[in-house]
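*Asks:* Take a look at the letters that make up each chain.
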Amino acid sequence: MSTHETADPVLSLRGIGKTFRRHRTEKRVLSDIDLDVRPGETLALVGESGSGKTTLARIAVGLAEPTEGEVLTAGEDLRTGRRRASAQQARMVQMVFQDPYASMNPRMRIRDVVAEGLLTHRRSELGLDGIRAEVARLLDAVDLDPDLARRFPHECSGGQRQRIAIARALALEPRLLVLDEPTSALDVSVQATILDLLRQLQERTGVAYLFVSHDLAVVSGIADRVAVMADGRIAEIGRCREVLSAPSSEVTRRLLASIAHPDPRRANPALAAGADR
Amino acid sequence: MNATALPDLSPARTGSGPAGGSRAQRSRRRRLDLPLLASSAFLALVVLLALVGPLLVDDPGEQDLLRRLAPPGSDGHLLGTDQLGRDVLARLVVGSRISVIVGITAALLSGIIGSAIGILAGYAGGWTDRLLMRLTDVQLAFPTLLLALAVIGFVGPGLSTVIVVLGITGWVSYARVLRSEVLSLRTREFVESAQVMGVPAHRIMTRHMLPNVTGPLATILTLQVGTVILAEAALSFLGLGIPATTATWGSMLADGQLYMGTAWWLAVLPGTALLLTVLSINIAGDAVRDRFDPRTYTS
Amino acid sequence: MTAAPLLEISDLHITFSSRHAEVAAVRGIDLALEPGRTLALVGESGSGKSSTALSVLRLNPEPPATYPHGQVRFEGTDLLSLPAAQLRAVRGRDIAMVFQDPMATLNPLRTVGSQLMEVMRIHRTGDRAERRRRMFEALEQARVPEPSQRADQYPHQLSGGLRQRVMLAMALMSRPRLLIADEPTTALDVTTQAEILDLLRTLQAETGMGVLLITHDLGVVASVADSMAVMHDGVIVEQGSTLDVFERPTDDYTRQLLAATPRLEIGAPA
Numbered sequence: 001m002s003t004h005e006t007a008d009p010v011l012s013l014r015g016i017g018k019t020f021r022r023h024r025t026e027k028r029v030l031s032d033i034d035l036d037v038r039p040g041e042t043l044a045l046v047g048e049s050g051s052g053k054t055t056l057a058r059i060a061v062g063l064a065e066p067t068e069g070e071v072l073t074a075g076e077d078l079r080t081g082r083r084r085a086s087a088q089q090a091r092m093v094q095m096v097f098q099d100p101y102a103s104m105n106p107r108m109r110i111r112d113v114v115a116e117g118l119l120t121h122r123r124s125e126l127g128l129d130g131i132r133a134e135v136a137r138l139l140d141a142v143d144l145d146p147d148l149a150r151r152f153p154h155e156c157s158g159g160q161r162q163r164i165a166i167a168r169a170l171a172l173e174p175r176l177l178v179l180d181e182p183t184s185a186l187d188v189s190v191q192a193t194i195l196d197l198l199r200q201l202q203e204r205t206g207v208a209y210l211f212v213s214h215d216l217a218v219v220s221g222i223a224d225r226v227a228v229m230a231d232g233r234i235a236e237i238g239r240c241r242e243v244l245s246a247p248s249s250e251v252t253r254r255l256l257a258s259i260a261h262p263d264p265r266r267a268n269p270a271l272a273a274g275a276d277r
Numbered sequence: 001m002n003a004t005a006l007p008d009l010s011p012a013r014t015g016s017g018p019a020g021g022s023r024a025q026r027s028r029r030r031r032l033d034l035p036l037l038a039s040s041a042f043l044a045l046v047v048l049l050a051l052v053g054p055l056l057v058d059d060p061g062e063q064d065l066l067r068r069l070a071p072p073g074s075d076g077h078l079l080g081t082d083q084l085g086r087d088v089l090a091r092l093v094v095g096s097r098i099s100v101i102v103g104i105t106a107a108l109l110s111g112i113i114g115s116a117i118g119i120l121a122g123y124a125g126g127w128t129d130r131l132l133m134r135l136t137d138v139q140l141a142f143p144t145l146l147l148a149l150a151v152i153g154f155v156g157p158g159l160s161t162v163i164v165v166l167g168i169t170g171w172v173s174y175a176r177v178l179r180s181e182v183l184s185l186r187t188r189e190f191v192e193s194a195q196v197m198g199v200p201a202h203r204i205m206t207r208h209m210l211p212n213v214t215g216p217l218a219t220i221l222t223l224q225v226g227t228v229i230l231a232e233a234a235l236s237f238l239g240l241g242i243p244a245t246t247a248t249w250g251s252m253l254a255d256g257q258l259y260m261g262t263a264w265w266l267a268v269l270p271g272t273a274l275l276l277t278v279l280s281i282n283i284a285g286d287a288v289r290d291r292f293d294p295r296t297y298t299s
Numbered sequence: 001m002t003a004a005p006l007l008e009i010s011d012l013h014i015t016f017s018s019r020h021a022e023v024a025a026v027r028g029i030d031l032a033l034e035p036g037r038t039l040a041l042v043g044e045s046g047s048g049k050s051s052t053a054l055s056v057l058r059l060n061p062e063p064p065a066t067y068p069h070g071q072v073r074f075e076g077t078d079l080l081s082l083p084a085a086q087l088r089a090v091r092g093r094d095i096a097m098v099f100q101d102p103m104a105t106l107n108p109l110r111t112v113g114s115q116l117m118e119v120m121r122i123h124r125t126g127d128r129a130e131r132r133r134r135m136f137e138a139l140e141q142a143r144v145p146e147p148s149q150r151a152d153q154y155p156h157q158l159s160g161g162l163r164q165r166v167m168l169a170m171a172l173m174s175r176p177r178l179l180i181a182d183e184p185t186t187a188l189d190v191t192t193q194a195e196i197l198d199l200l201r202t203l204q205a206e207t208g209m210g211v212l213l214i215t216h217d218l219g220v221v222a223s224v225a226d227s228m229a230v231m232h233d234g235v236i237v238e239q240g241s242t243l244d245v246f247e248r249p250t251d252d253y254t255r256q257l258l259a260a261t262p263r264l265e266i267g268a269p270a
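Residue numbers (my numbering), protein chains in the order written: chain P, 1 to 277; chain F, 1 to 299; chain S, 1 to 270.
Since the hints were derived computationally from the structure, they do not count as laboratory data.
Hints are supplied without guarantee of correctness; some may be wrong.
[Unchecked claim] Restraint-style ranges between C-beta atoms, simulated for each label pair: (1) F:Ser184 with P:Ser86: 48 to 54 Å; (2) F:Leu223 with P:Gln88: 45 to 51 Å; (3) S:Arg88 with P:Ser184: 35 to 41 Å; (4) S:Arg19 with F:Thr128: 39 to 45 Å; (5) P:Pro106 with F:Arg130: 27 to 33 Å; (6) S:Asp152 with F:Ser184: 32 to 38 Å; (7) F:Ser40 with P:Arg204: 53 to 59 Å; (8) F:Ser40 with S:Arg19: 18 to 24 Å; (9) S:Thr66 with P:Asp145: 32 to 38 Å; (10) P:Ser86 with S:Thr66: 52 to 58 Å.
Quick reminder that beta carbons are idealized off the backbone N, C-alpha and C, glycines included.
Produce the complete structure using the sequences and hints provided.
*Replies:* Okay, here's the thing in structure tokens:
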């Protein structure tokens, strides 16, 4: 996995701040965020609930507007001020949501789910037949049986739906994919296959990932760099290996210490000691 | 991940293969739904009568003053005759045509208007929403009958007038309910996904909002058909609807009330027809709503 | 020397019937939990682990649930064939249960304290003074900071971790001999999860109660369980001491699960 450190970052967040105002109360959710996602890299955003990582991800993709700061996609400010992304924005940044059950219109067949972006932006380029072929190609790229195309979301398993969501997101050939806890709602055995798929797709297409997660173990297996967030700020950012083996912030240390390792000798030393006696 | 108490009884399972019902559907049992069966049969009868009935019966306008007020079962008149000697059965059949036409078209008209307004208000929000909701309040403030009087006074009575009046006064329920449905749908992740994908608003409204509100829409529609039929009857009863020479269930009721003591069948028969029709519509409407939801249907 | 089992499940079968389908959620399982021990029942969604946990207190809605076969014996008595009145005495008193989402199980309209008091009132524990004493005792046991203030707060005013501690306090008040915890930390942050798991270990040491823990997370199992049972598709594919199963798994599914569980890698990502 190469990180082209000299090329323009795919996403640049500069001085991002976000305050939520409700009635007369204010809540400062993000402060002073400076972040770059480089082409082809996987940058993980880690933090507990309330750290602001989800809000930041939504700002990156255009679903939320920052109160201060700017969002540059491949060097340009593409924000429209409206919820709906412009064509340019949609072809640069896409999103995969956490809940595979909620992220799909229950009334649309899978083939329509995947084709929607294509119909909106690539219809003149591909034509209807081309779109049909592209849908089949995308489903194949995520290791799904093409028969699934005529089914409805509720007929598919959680893992299948997440693959469909990935296929849909990649249809517009974005340079950055924002993934908000993409495996948290899935069974462990399915998680691993989805993460493998994501790695393969990145190798093949060179897409960058902004990977939001609360799970450091998952992150350690997929991220090049990691940004640890707490209280709306970035506590620490750096190469994954370095941050996790030699953390410089208290936040990171606390997170690392809290991990429930799937290894009784590490996670429950008293038990192990008792058993060995 | 949700820890659910009940296992998923639909064919979906977590796993990598295509969804299959291997462990699931081992037995299929069907319960006979009598009310639904009866309602559907009755409605089919009404529609049939509305379509072909008038061809099969004698002229409902034919008067026979010698045979006026004949009770049901009289020679040649299965359901009797009214005060002008007209055959009650024939008039009922012709009246069904009016009821069905008015009921369906007026309900559809208000459905289209109301859905458009409701979905637009819910999705667009802001000034559009506020404007449209004020419009709703204004419409609600206007009593239907008063509006009907005004329109009919202006345009003159007739079938199309009745349909239009009922169509443009009935849209409020749709608008209100669909607006609140859309408000909650709007924040769902599949809508956000479409927004991130740059899908234009009008497509989101037609492709994502509308198909997901067909449940409440179908329910209101079926309730409205019943309401409209009754409203038409009321208008005719008051002499504001279809001219009295044409047979409608409402005007039959109006005429029949004068003879309640002596010729009960003149009011009771059209009244029963109205009752059974509206009841059947409501029962069938529930089933229609369930049928349109892919989740309750496919499993 | 092995103590008599606190909870013993023998050949349990649970079936869910609906108009369209019949699902055998649990197809013959055997489990034994000793007093003072923690047994973790691990499985993915659809494995039947939650149904099993709910069956101990017969909390599966019947219909659609039926128990065509098997026994659930608590201190020797089969709970599945116990009449309703006696079962109610056992529930919440001898056997307590904690669930995944405290917001769903706590009444949002009443203070935490009033809900705790209510539980004891239902079980007719002592008089009002005695109940208040027990309530604060339980809150302290659950390491709830500033218990007198917390008792007057509403659930939404508490953090997720605090709410779960309140749930544990509620469970502890009646001094149960068995605690069933169904995914108690799944909805919590990592640091809060660590605290709650630590609390569970402490509580078990202090009270000597048995704990049946339901989870999908092998990390949670490794953190608190003495023994574990791996469940898949309605049957138990492997069980034994936690160390044995982790280090010397004999079943393929167990191995798959262990292999798929993410572990913290400090080396370079693949």
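*Asks:* Run every hint past the structure and note whether it holds.
*Replies:* The hints, checked one at a time:
no.: 1; hint: F:Ser184 with P:Ser86: 48 to 54 Å; verdict: 27 Å, violated
no.: 2; hint: F:Leu223 with P:Gln88: 45 to 51 Å; verdict: 47 Å, holds
no.: 3; hint: S:Arg88 with P:Ser184: 35 to 41 Å; verdict: 37 Å, holds
no.: 4; hint: S:Arg19 with F:Thr128: 39 to 45 Å; verdict: 43 Å, holds
no.: 5; hint: P:Pro106 with F:Arg130: 27 to 33 Å; verdict: 30 Å, holds
no.: 6; hint: S:Asp152 with F:Ser184: 32 to 38 Å; verdict: 33 Å, holds
no.: 7; hint: F:Ser40 with P:Arg204: 53 to 59 Å; verdict: 55 Å, holds
no.: 8; hint: F:Ser40 with S:Arg19: 18 to 24 Å; verdict: 20 Å, holds
no.: 9; hint: S:Thr66 with P:Asp145: 32 to 38 Å; verdict: 35 Å, holds
no.: 10; hint: P:Ser86 with S:Thr66: 52 to 58 Å; verdict: 57 Å, holds
Taken one by one, the earlier hints fail for this structure only at number 1.
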